[in-house]
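Trainee: With the hints as your guide, set chain B onto chain A.
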Amino acid sequence: MTKEGIAAYLNAAQMAKLNQLVLNSRYVVEGTLAGRHRSAQKGSSTEFADHRSYMPGDDLKRIDWKVLGRTDKYYIRRYQDETNLRVYLLLDRSGSMNYTSDLDRPTKYAYAATLAAALGYVVLKARDAVGMYIYGEKMDAALPCRNSFNEWNNSLKVLQSFKPEKGTHGAEVMHQIAESISRRALVVLVSDLLDDQEEIVKAVAHFRKNMHDVIVFHTLDPVELTLNLKRGAEFEDLETGEKMIADPRAMAKEYKDIMGQFIETYRKAFAEMKVDYRLVTTDEPVDTFVRAYLEERKRMSR
Amino acid sequence: MFGSPMFLWALLAAGIPLMLHMFQRRRTVNTPFPTIRFLKAAQKRSSSRVRFENFLLWLLRTALLAALALAFAQPVLRNVAGADSFLGRSRRDVAIVLDGSYSMNYELDRGKVWSLCKDAAVQIVQALHPGDRVCVYLATDTAVPVIEKPTTEYATVVSAIQSLSCAHVSSKLGETVAAALRTLGAVKEKTEKEVFVLTDGQALSWEDFRASSKKGDEDAGEAIPREARDKVAFFALLAGAASPENAFPSFVKVSPPLMLQGQSARVAVRIGRTGAPKPVTVTLKVDGQEQGSRSVTAEPGTETSVEFVLNNLEAGIHVASVSTPKDALAEDDVFQFLLRVNHRLPVLVVGRHEATRYLRAALAPGAADDSIRQVTPDALDAVELRDFQAVFFCDALPLSGQTVLRIETYVQNGGVAVFFPGETCDPSAYAVFNILPAQPGEVASVATADAARFLRRLPRKEGQKVDFTLPLPPGTMPTVALKRILRIAGEPAEEAATLVTAGEGMPFLLGRAAGRGRCFLFTVGATREWSTFPLTAFFVPVVHQLIRQGSGASVQPAHVTLGTSMAANEAIPNYREEDTVTMPSGAPLQVKESGGRNLILSELPEPGIYLRTKAGGTDEPVLAVNTDRSESKLDPASQDDVAEWTGFKKCVVATDAEELARLVEERRNGRSFTELVLWLALLLSLAEWGFANAALRSRKGATENLAVSVTGKVTGG
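Quick mapping for you: the protein sequence lines, in order, are chains A and B.
This note's numbering puts the first residue of the first sequence at 109, with every later residue one more than the last.
This note's numbering puts the first residue of the second sequence at 124, with every later residue one more than the last.
Heads up, some of the hints might be wrong.
[Stated by the list, open to error] Sample of chain A residues at the chain B side, in silico, Cβ under 8 Å: (1) L211; (2) A341; (3) A358; (4) D391.
[Stated by the list, open to error] Computed list of lysine-lysine pairs in DSBU-like fashion (alpha-carbon distance at most 30 Å, straight line): (5) B:K163 to A:K271; (6) A:K338 to B:K163; (7) A:K338 to B:K272; (8) A:K382 to B:K167; (9) A:K351 to B:K163; (10) B:K272 to A:K310; (11) A:K317 to B:K836.
[What the hints assert, rightly or not] From the structure, some residues in chain B lie toward chain A, with a derived Cβ separation under 10 Å: (12) P157; (13) S170; (14) F374; (15) K376; (16) T834.
Keep in mind the hints are simulated off the structure, nothing from the lab.
All residues carry an ideal CB built from backbone N, CA and C; glycine is no exception.
The following block holds chain A by itself, in its conformation from the complex (with noise of 0.2 Å):
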């Protein structure tokens, strides 16, 4: 029998290992609910924030009355208010994403589809909302940000559906996403970003001038990034169709240079607007990249 949803990403075992886990924002965030993340709103938490001075109606209970005391003024204490984390899953389905040097191992888009399985179920488990947008040269599906395992369940079987074809527009795509994200959130990209680099820059630089937590987890097969083929091939364009002959051994050092150059320049880009850039190989298992990086992610968050 087919698995659907959730199961046909993540087994027991991968969900028991991802328990514990948390996907923090390193930034406020605005959710609906009370939860565990800094809120940009100041409200009730144990967190103190400032003061500011009393004005009518003010419930009284929050004068600093250790400041009147000394001052003769009144103040009122201000508290951070904290609120749950949205995340929202971008996840590209582009041709490109078709691609896999070794049948054992699982396509661009297999990878990036159960990475974002795994993370969404971190965020649900820690009671904050995730939603999910596929795209490939246009929106194909949005999926609305809920803290309901059942909606995600249901936003798998849709992810399920949907198989990487044709070509990408992802800049243009993540434009339209990024303007339809009102509140600060978290953004999570999963792509081979085989797109324009400076189109693809810009759209997630629109990301963040929307004060959103943006995290980028550039996916690879290992042989994009060393072109270890051992024999001369026609290599056929999984996107635009278009092929030609090569000897991937004569070549490989120019193509390792181009690509290193290509990395490199997603990376700086990245670092300057303080995008978290991950860049991550299908030979990794999902639920161990993903374990070391929240980890890593928590440690550098304190």
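Mentor: Then chain B, alone, in the frame of chain A:
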């Protein structure tokens, strides 16, 4: 040339890489790839490099296959080119020249040079192919044909070579090579001609070649045509030591040449040396008894002198030798000579009894002496002049023309002739002599008032051969009273000088060097009628001094050099035809007649002591023959020197037999390059392997410089 030219077809294999490249069907697998834009960029960037690498790879592989094909074809480089050599081996005529000089006896670690050269000669003969002909020459002071006509009977040739022995002389390689070339030149068939010279490499042996090369002459020593030098292959084996060591007595001089019993004799020895300076012990033996030894430091390149004094030698002939310690060249370590000690010096006085009275008394003072003999002029023909050390003529002229010739010959051979004028003297009788120091004029009377004269010895002039010293006690002034005097007409003859004067410009005694002997002329007679000279105290020492002036007509040389030819009478005193001369080997020495009654000892062939056996008498040593020591001054020539001096176009010089055999093999069969080409192929294959894999081990790309952590974090770059 190629040992297996059929394999040259395999050179076509060198085209395989190109053909593979041209006709290769690209079996490509359709491989989906996320994007080919990076592949395109990489291909564009790498295309020129890849093309260059592919070109180099093609070049390496082509060269590798070509090298392998060449190696199978066994390439050889032959210096001898020609249609016959290409189709098959041509026949050879070979001349072997063995150096027979005594320096070939030099002892090396691996044996004598002579043995090594003979072995090499045998090897050369044994390496000949059927049909090749060979002749053999031995180089001594002349060219000695051993196998004169080129032959194919190799066993005979080998046997002849093995029976050869070294000579005791120096060798003339140029002359011998010329003789060998003449033999080869006489062969009419068109064959490859080769000359092998097997020598120890002493420069002296190449002297005739060297002299001609200095002169720029085309011909060396004995004529070697330019054509022969261009066409004949010349091989030389210089088998001697590169830095030879040798010490040897090179010459002995005994003085005085005429020795008397009881007198002291000095033996001056010259020691030659090759190599670094070294102390050498020189030992002198007389009749087998050691008389003394001296240690001298022999300097290389020069001759160091050492002197011995022998006292109280008994009258007779003594065999003496000077020796140095045995070294690598033992041939020249002993130098032999004879010491002939006389009881007295025999003197002949010619003249009437009265005219010779004072002279006889002076020569044998106190009593009659059997060493003094007096004859009248007419009895002179019956006397053998060479039996006497000196002949005094007192008023003995004129003499017959035959007698005059005998006297002149006697003087030329080392005798001393002293002339005193006399009562019957006719000055014109002196004119027939060619050996007189001056021609006398008239006899003049001296006035009583002018009679007393001081005798004064004139100082010796430069280049003057004849000399005389008055043996007077210090402070005495010799004075004579003259009554008559023989005036001298004109100037003294060539090589003559006035030795003593009696007053200003008045010659008293004149002397002349004639050949090995001396001739003296007194201007006064030996009687009281001429002067008081015979009565003076210095008359006796004067005449005794004159006797010792000559080298002695009957004085035989203390030693002679090997190969010398000399008159029997000159070498052996009182030699008679019935006498037998025995060589050191025991064989009789052949004495040849040389026109008239002259007997010649021709080219003394053996070093050592020669004995004379008189008919019915006992043996006595008569000659000490030594090798010419010029060969002992070892001076090895270098390979380049030999090549330059000989001037052969095809010249190969080696220093040992194995090297020579290899070079000969290379010359004849060509030098094989198979091994070299195989090494080249190995290098090419290593280069191909390394180069072909270099692309896989190219330097790190940018992605490898970027570190990707397990969390996906990219660092570095």
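Trainee: Each of the hints needs a verdict: does it hold here or not?
Mentor: Going down the list of hints, with the structure as the test:
1. L211: Because about 12 Å separates L211 (chain A) from the closest Cβ in chain B, which is outside the 8 Å limit, the hint is violated.
2. A341: Result: holds, 4 Å to nearest chain B Cβ.
3. A358: Because about 5 Å separates A358 (chain A) from the closest Cβ in chain B, which is inside the 8 Å limit, the hint holds.
4. D391: Interface hint status for D391 (chain A): violated (11 Å vs cutoff 8 Å).
5. B:K163 to A:K271: 27 Å, holds
6. A:K338 to B:K163: Distance of about 18 Å is within 30 Å: holds.
7. A:K338 to B:K272: At roughly 77 Å apart (the allowed maximum being 30 Å), K272 (chain B) and K338 (chain A) break the hint.
8. A:K382 to B:K167: 35 Å, violated
9. A:K351 to B:K163: 10 Å, holds
10. B:K272 to A:K310: Given pair K272 (chain B), K310 (chain A) is violated - Cα atoms ~107 Å apart, limit 30 Å.
11. A:K317 to B:K836: Answer holds: K317 (chain A) to K836 (chain B) is near 23 Å, not above 30 Å.
12. P157: 4 Å, holds
13. S170: Result: holds, 8 Å to nearest chain A Cβ.
14. F374: Not OK, violated: F374 (chain B) not within 10 Å of chain A, min 86 Å.
15. K376: For K376 (chain B), the interface hint is violated, since the closest Cβ of chain A sits about 92 Å away, which is over 10 Å.
16. T834: 4 Å, holds
Consistency with the previously given hints fails for numbers 1, 4, 7, 8, 10, 14 and 15, ordered from lowest to highest.
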